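Visitor: Spelled out from the first residue to the last, the chains are:
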Amino acid sequence: MTDQTASQPSSKHGSLLAVDARTKKRNAAETRFKAYGIGALLIGLFFLVTLLTAIVSNGSTAFSQTYISLDVTLNAEKLDPNGTGDRDEIAKVTTLGYTQIIAEAVANTMAANEIESPLPAGALPLMVSASAAAQIRDTVLADPSLVGQTVTFNVLASSRVDGYLKGRVTRESLARDRNLGPPHLDIVDQMLDAGVVEKRWNLAFITGADASESRPEQAGIGVSMLGSFFMMLVVLFLSLPIGVAASIYLEEFAPQNKFTDFIEVNISNLAAVPSIVFGILGLAIFIQIMHLPQSAPLVGGLVLTLMTLPTIIISTRASLKSVPPSIRDAALGVGASKMQSVFHHVLPLAMPGILTGTIIGLAQALGETAPLLLIGMVGFIASNYPDGLASGFLDPNSAMPAQIYEWAKRADPAYYERAWGGIIVLLVFLMTMNIIAILLRRRFERRW
Amino acid sequence: MNDMRQIERAVDMKQTKITARGVQVYYGDNHAIKDVSVEIADKTVTAFIGPSGCGKSTFLRCLNRMNDTISICRVEGDILIDNEDIYDPRVDPVQLRAKVGMVFQKPNPFPKSIYDNVAYGPKIHGLARNKAELDEIVEKALRRGAIWDEVKDRLNAPGTGLSGGQQQRLCIARAVATEPEVLLMDEPCSALDPIATAQVEELIDELRQSYSVVIVTHSMQQAARVSQKTAFFHLGNLVEYGETGEIFTNPEDPRTESYITGRIG
Ligand SMILES: Nc1ncnc2c1ncn2[C@@H]1O[C@H](COP(=O)(O)OP(=O)(O)OP(=O)(O)O)[C@@H](O)[C@H]1O
Ligand SMILES: [Mg+2]
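Chains as they are written, first to last, in this note's numbering: chain Y, 1 to 448; chain U, 1001 to 1265.
Calculated directly from the structure, the hints in this document are not laboratory data.
Since the structure is predicted, the reported quantities are computational estimates derived from the model, not experimental observations.
Virtual Cβ for every residue (Gly too), placed ideally from N, Cα, C.
There may be inaccurate statements among the hints.
Residues on chain Y that point at chain U, a partial pick, calculated with CB under 8 Å [unchecked claim]:
| no. | residue |
| --- | --- |
| 1 | 100 |
| 2 | 104 |
| 3 | 108 |
| 4 | 110 |
| 5 | 256 |
| 6 | 322 |
| 7 | 332 |
| 8 | 333 |
| 9 | 335 |
| 10 | 336 |
| 11 | 340 |
| 12 | 351 |
| 13 | 352 |
With the rest of the complex left out, here is chain Y (with noise of 0.2 Å):
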């Protein structure tokens, strides 16, 4: 029976369990079109394991760093010859007087672990960071009952010693080296193996101020980062209910004229408008004419305002138009007005959208660099905290993509390492503001 129905197909269209030639080639192009998909993806996927990879491996060494456990003899004749004991006295000892402080230290620590050099011993602070004598400094100031006893400090090694622990220093390159030699990296070795240094997780590079050029070792991206939270805070009090409320009217109120077209085609081409441009701008109307501060984050947050705005309008005036004209003639019919159709109806469908369209909108701005550039915020050594809001929004400061461009910048290869190190934090932020929005998106949508 089989045979003979698939021989003899009674229909025009032949036998189903025959596939015919022209069904052959579509199945064929759809099987390609599968292919070249995935080929994309694939493409696209080593692209970012290949980028993720290299920041990591490149960055991830600037959340470490080298540190040397000193027993430092606080020498009393030094830092108190009058023995008076009193804060103000011993404040009037420099950080300079420290010098001979660590080198004593450095020297007896070797000595207590039995580590010979041929070094002169004004050679050896040299492995200890400059930062270190204001940190002993800062503590005697704070405690200055300490004077005359002996105190274990953790100071930062300088740039060279962490470089040599983390690979970056060999002895080949020290040999042009001013500063340090390979005799002291012989004295690192033993101090390795004595636990005397010792490389462990560094927070100040998370939470830290940036350093001068020949600290890197002792630079962060914490007040760089306060910089980048005061100027978010402009851009989202700003661009979000004026975005929203700009989309709105012109989405569901204004008339269909000319002038609405006209505007519609300008935001559509500022949104195009390169980031510089912005800058240039911001630099021309709040600086020179409104006479605001340089380099701070409310300039920076109002330059990126204008640079967000279109695309949040944008990504909002297309979620208001995806919820259906139904849930509008609904509203309407039961007499409900245009504002409280909006309100109640459109705009709870339509703030998933919104929502994701303006945290993209603050991430793109969070990373941008060119308009701060020219408004002063980079280039700047973002070393002090603001304190309080109004320092926050007012005083000089850098922004994290800022910060990073100017640690890329800069000549010691250390810094190389802290640019990387700086992305990585960079982008962490930006996956928790897309993790966020994912977040929302959900909560809203839950509410169908």
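Model the placement of chain U with the ligands on the given structure of chain Y, informed by the hints.
Guide: What follows is chain U with the ligands alone, placed relative to chain Y:
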């Protein structure tokens, strides 16, 4: 036939609720309604019939100014409800729509709970002073929408999760919850099964006690069953308007006859 006569006599005594005079509607250059004049009686069901695209929905939407939301739509002529011109500049369409409720062709519940769907209108019009009163209004509306028994146990479930027919009855309940005086229904039963249709028709008949109901329908039987007056539209013209019994048994215009007997449509 006998009860048809009775209805006819009843209609004669009803006073006019809506008067349309020389109404023209344009969508841009498209002349969708051509010089329609009609008087719609109070406490009566009036059916609009006619082939697809003849302008039934368009004319219906003129009666509560829903056409205002379509920017290219232009309405000319006079439409009076209770002798007040609803296109008078002093008329706020929002107030008008509270008085003239509407049920749309496609069920369009809000993406909110069943309760909120019905409660929304009364809430914005301030019809309830407290939660208990609102509960009462919602229950009454859902009962009138012939859907109470199906949803009474899940008032907090989303209205969009109901079946198409249930959604439409929910929309009817939502429309009657605001206590309108005129109820416009655009093919309210096109998504309903015969049982739900029968329920809605019963409901329409009941609504006639208090409202003026205008219903657009493609079903001749439905028009014959529920309406006392019928208007036949064709290509934007009101071809014939009169007692339902008259239109279906003894149409004056040959176009009406061919449509009813199934020759145009
Ligand atoms: N929003 C609109 N924009 C432009 N033209 C429209 C619009 N709505 C309706 N029209 C036009 O108006 C005419 C009448 O349409 P209408 O929707 O009133 O027909 P209808 O009688 O309700 O048809 P149906 O029975 O299929 O619902 C049609 O020619 C249609 O193309
Ligand atoms: Mg229609």
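Visitor: Indicate, hint by hint, whether the structure satisfies it.
Guide: Hint check:
Proximity of residue 100(Y) to chain U is violated relative to the hint, the smallest CB-CB distance being about 76 Å (cut-off 8 Å). At its closest, the beta carbon of residue 104(Y) sits 76 Å from a beta carbon of chain U; the interface hint therefore is violated under the 8 Å criterion. Hint status for residue 108(Y) relative to chain U: violated, with the closest Cβ pair at about 75 Å, above 8 Å. A hinted interface residue such as residue 110(Y) counts as satisfied when its beta carbon comes closer than 8 Å to some beta carbon of chain U; here the least separation is about 75 Å, so the hint is violated.
The interface hint given for residue 256(Y) holds, since its Cβ lies 5 Å from the closest Cβ of chain U, which is under the 8 Å cut-off. Hint status for residue 322(Y) relative to chain U: violated, with the closest Cβ pair at about 13 Å, above 8 Å. With a least beta-carbon distance of about 6 Å to chain U, the hint placing residue 332(Y) at the interface is held under the 8 Å criterion. Given hint, residue 333(Y) at the interface with chain U, holds; its Cβ is 4 Å from that chain's nearest Cβ, closer than 8 Å.
For residue 335(Y), the interface hint holds, since its Cβ comes within 8 Å of a Cβ in chain U; the closest pair sits about 3 Å apart. With a cut of 8 Å, the hint placing residue 336(Y) at the interface with chain U holds, because the nearest CB-to-CB distance is about 6 Å. Evaluation of the residue 340(Y) hint against chain U yields a held restraint, the C-beta minimum of about 6 Å falling below 8 Å. Interface hint status for residue 351(Y): violated, as the beta-carbon distance to the closest one in chain U is roughly 12 Å, over 8 Å.
Interface restraint check for residue 352(Y): the shortest CB-CB distance to chain U comes to about 12 Å, outside 8 Å, so the restraint is violated.
Against the hints set out earlier in the document, violations occur for numbers 1, 2, 3, 4, 6, 12, 13.
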